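Peer 1: Here the protein sequences come in this chain order: A and B. Residue numbers for the first sequence follow the numbering used here, beginning at 1 and rising by one. Residue numbers for the second sequence follow the numbering used here, beginning at 1 and rising by one.
No wet-lab data here; the hints were simulated from the structure. Being a predicted model, the structure only gives us computed values, none of them experimental. One thing to keep in mind: the hints can contain errors.
Unchecked claim - Below, a sample of chain B positions facing chain A; criterion: calculated Cβ distance under 10 Å:
1) W298
2) R308
3) F330
To be verified - Output of the computed footprint for chain A on chain B, the stretches with three or more beta carbons under 8 Å from beta carbons of chain A:
4) 38-48
5) 101-109
6) 183-190
Glycine included, every Cβ here is placed at the ideal spot set by N, Cα and C.
Number of protein chains: 2
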Amino acid sequence: MLETDKGVCVDGFKAAGVREGKYGVALIAADCVCEAAGVFTKNSVTAAPVAWTRRIIKNGLQAVVANSGCANACVKEGLKDARKMAKLAGSALNVEKTHVGVASTGIIGRRINLEVVEKLVQEASAKLSKSSKASMDAAKALMTTDTTPKQVSAEHNGIQVGGICKGAGMIAPDMATMLCFITTNAEFTGSQLKTALATAVGKSFNMTAIDGDMSTNDTVVLLASGKKKCNAKTFQKLLDYVTLRLAQMIARDGEGASKYLVVDIINAKNESSAVKAAKAVITSPLVKTALYGENPNWGRIMSSIGSRIRVKPMNVTITFTSAKGSVRVFDRGRIGNLEKARKILKEKDITATVNLRLGKSKATAYGCDLTEEYVRINAGYN
Amino acid sequence: MLETDKGVCVDGFKAAGVREGKYGVALIAADCVCEAAGVFTKNSVTAAPVAWTRRIIKNGLQAVVANSGCANACVKEGLKDARKMAKLAGSALNVEKTHVGVASTGIIGRRINLEVVEKLVQEASAKLSKSSKASMDAAKALMTTDTTPKQVSAEHNGIQVGGICKGAGMIAPDMATMLCFITTNAEFTGSQLKTALATAVGKSFNMTAIDGDMSTNDTVVLLASGKKKCNAKTFQKLLDYVTLRLAQMIARDGEGASKYLVVDIINAKNESSAVKAAKAVITSPLVKTALYGENPNWGRIMSSIGSRIRVKPMNVTITFTSAKGSVRVFDRGRIGNLEKARKILKEKDITATVNLRLGKSKATAYGCDLTEEYVRINAGYN
Numbered sequence: 001m002l003e004t005d006k007g008v009c010v011d012g013f014k015a016a017g018v019r020e021g022k023y024g025v026a027l028i029a030a031d032c033v034c035e036a037a038g039v040f041t042k043n044s045v046t047a048a049p050v051a052w053t054r055r056i057i058k059n060g061l062q063a064v065v066a067n068s069g070c071a072n073a074c075v076k077e078g079l080k081d082a083r084k085m086a087k088l089a090g091s092a093l094n095v096e097k098t099h100v101g102v103a104s105t106g107i108i109g110r111r112i113n114l115e116v117v118e119k120l121v122q123e124a125s126a127k128l129s130k131s132s133k134a135s136m137d138a139a140k141a142l143m144t145t146d147t148t149p150k151q152v153s154a155e156h157n158g159i160q161v162g163g164i165c166k167g168a169g170m171i172a173p174d175m176a177t178m179l180c181f182i183t184t185n186a187e188f189t190g191s192q193l194k195t196a197l198a199t200a201v202g203k204s205f206n207m208t209a210i211d212g213d214m215s216t217n218d219t220v221v222l223l224a225s226g227k228k229k230c231n232a233k234t235f236q237k238l239l240d241y242v243t244l245r246l247a248q249m250i251a252r253d254g255e256g257a258s259k260y261l262v263v264d265i266i267n268a269k270n271e272s273s274a275v276k277a278a279k280a281v282i283t284s285p286l287v288k289t290a291l292y293g294e295n296p297n298w299g300r301i302m303s304s305i306g307s308r309i310r311v312k313p314m315n316v317t318i319t320f321t322s323a324k325g326s327v328r329v330f331d332r333g334r335i336g337n338l339e340k341a342r343k344i345l346k347e348k349d350i351t352a353t354v355n356l357r358l359g360k361s362k363a364t365a366y367g368c369d370l371t372e373e374y375v376r377i378n379a380g381y382n
Numbered sequence: 001m002l003e004t005d006k007g008v009c010v011d012g013f014k015a016a017g018v019r020e021g022k023y024g025v026a027l028i029a030a031d032c033v034c035e036a037a038g039v040f041t042k043n044s045v046t047a048a049p050v051a052w053t054r055r056i057i058k059n060g061l062q063a064v065v066a067n068s069g070c071a072n073a074c075v076k077e078g079l080k081d082a083r084k085m086a087k088l089a090g091s092a093l094n095v096e097k098t099h100v101g102v103a104s105t106g107i108i109g110r111r112i113n114l115e116v117v118e119k120l121v122q123e124a125s126a127k128l129s130k131s132s133k134a135s136m137d138a139a140k141a142l143m144t145t146d147t148t149p150k151q152v153s154a155e156h157n158g159i160q161v162g163g164i165c166k167g168a169g170m171i172a173p174d175m176a177t178m179l180c181f182i183t184t185n186a187e188f189t190g191s192q193l194k195t196a197l198a199t200a201v202g203k204s205f206n207m208t209a210i211d212g213d214m215s216t217n218d219t220v221v222l223l224a225s226g227k228k229k230c231n232a233k234t235f236q237k238l239l240d241y242v243t244l245r246l247a248q249m250i251a252r253d254g255e256g257a258s259k260y261l262v263v264d265i266i267n268a269k270n271e272s273s274a275v276k277a278a279k280a281v282i283t284s285p286l287v288k289t290a291l292y293g294e295n296p297n298w299g300r301i302m303s304s305i306g307s308r309i310r311v312k313p314m315n316v317t318i319t320f321t322s323a324k325g326s327v328r329v330f331d332r333g334r335i336g337n338l339e340k341a342r343k344i345l346k347e348k349d350i351t352a353t354v355n356l357r358l359g360k361s362k363a364t365a366y367g368c369d370l371t372e373e374y375v376r377i378n379a380g381y382n
């Protein structure tokens, strides 16, 4: 497998992105109607674009229009506006509106400014291109509190999978919108795509401190142009790679984050308890603040796991690893070298490995520390 | 019902508290073996004092010894040390160790310094008194990141109920230890006390952003000296009052908190969904940071509720209230006066009322904002 720089501009796709003030618009367009699948928020308060896209996706998508600056959620005219947005993007791209997916991110409860969106859609459609830069422009147009645009693509034997995404809220991502658009030249049916996407999302975005709860707008959409036959295993591998890399980029770009944390749970009793344990650690504000303080407080890791699953503390080993080395801070009752641990925690990239010694299952979660800057960003976001 | 200033020094009880460096010791002693009941952490990583007290409480308690400065959790010698702590308090008070409850709070994974504890127990036992100040000293001895000691007591027709507690971690109290000791002169059996205590805790501490997860050390213990017969209803009312006031004190004293938040969910479909909705709001870091920023971001309230229960956004009314007045920021699709809302949020005490219009059930939760100071406290706590 080869990492490429196409982003969503894999074979058969073009993209563009433009911004004006708080608003940004990203377009992705295919040269035919694509088989498509989506994973959407489970929040019962669903933004209008999610309702629209969920409804039309089964008939296939030829384009996606996404905006930052307004969530189009909890607004009476929301669905009407989402439909209009599909229509005006469709007109610009010469695509039926029922083949145009819509996604939005931004403040809840404000009506979307369709005049601005229309102007930006016009500008973007004139700029559509299959260059890597065009995909990156689309990624940039989605950004809200993100500090970096996020795109990745990979290729194997001519099969291409690429994606862009936005997302930066990390502490309790129940409300931090994540938008992700993935394209491929592979040929699969909508239902095959759905299964593959669910598998990939389960190991990536859902392990990025996402915790089952979701924002009103969360959307992951996959479009397949069907230009190349491909075996399911190869495709899954490429898709897993793209979603995992994007999820890691989100974790690294957590709001206000100063450190990137990977939590490896090993030898759990079963997969479900491994996942619960990994998520418990990655979402714990006490673990996250300790990490920010470069404080090897392994007790908070132990306690966060114990609050979700059964553990035997005297069986457990907790190890911190970074470029500075590795140290067992807690090993079945014995406390390790905490001075060394403090040095290890001075690095930006930290892995915490927890060996539960209860079975053979494992899970990995991705996240970041909790800083004063997170509070400042979210107190002021407006 | 009359609020009094006895704290735990109600009829039949004495108390004392002393501190030295990081360690504090609180003693509560009765003049006879009391019927007793407890509510303990559900964390599978249980501190040794919890294991000890849970085991002996059914035989009744005559005294409680509690320390701050060390959690006595995840340490091989933990249970032996907890037993020794019961023994040395028992010796000082002339009480069998099997009638001495033990509780600890502090850092996990360090062995408790029993020499220091013994010295402090000696000092405290010499100071035992039934004064209000003695109860307050005990409350002070429990403090960790608390900024104020917490005690309250109430009386009705000679029935007295009093309590002290510590607890200040608020953002995700899964690991923020809460210790609470309640005394009464009423006569009830252990199992009657247990039922009454579970009811009271469910409406108070469990609604203080506690979220089902718990620390390794959480302990609420109730001792009844049995000096006065009492009807169950009167007792429940007094007990509810004491636990609710203590829970509110904990919420107000949240780590780094600058504002106190009450979330009232009304007209929910049923009680369980009302409780889930109230907890979703009170624990949401995005709601808490918005409150800190005096930012009337009602969308975060809506989204946090929608992530846990089914809601119909266009049925919902969200109201902010403070000493500065009251404003419906969102009323079934209409946005209220956000300028007025900003003024209301400048106060220290805020109530957010959410009318779901789905039924007749309600629930109230207590919490605080999330500030940069919270991050500083928890990054540095050591």
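Peer 1: All the hints need checking, so say for each whether the structure fits it.
Peer 2: Hints versus structure:
| no. | hint | in the structure |
| --- | --- | --- |
| 1 | W298 | 7 Å, holds |
| 2 | R308 | 7 Å, holds |
| 3 | F330 | 6 Å, holds |
| 4 | 38-48 | holds (count 5) |
| 5 | 101-109 | holds (count 3) |
| 6 | 183-190 | violated (count 0) |
Of the numbered hints listed earlier, the single one contradicted by the structure is hint 6.
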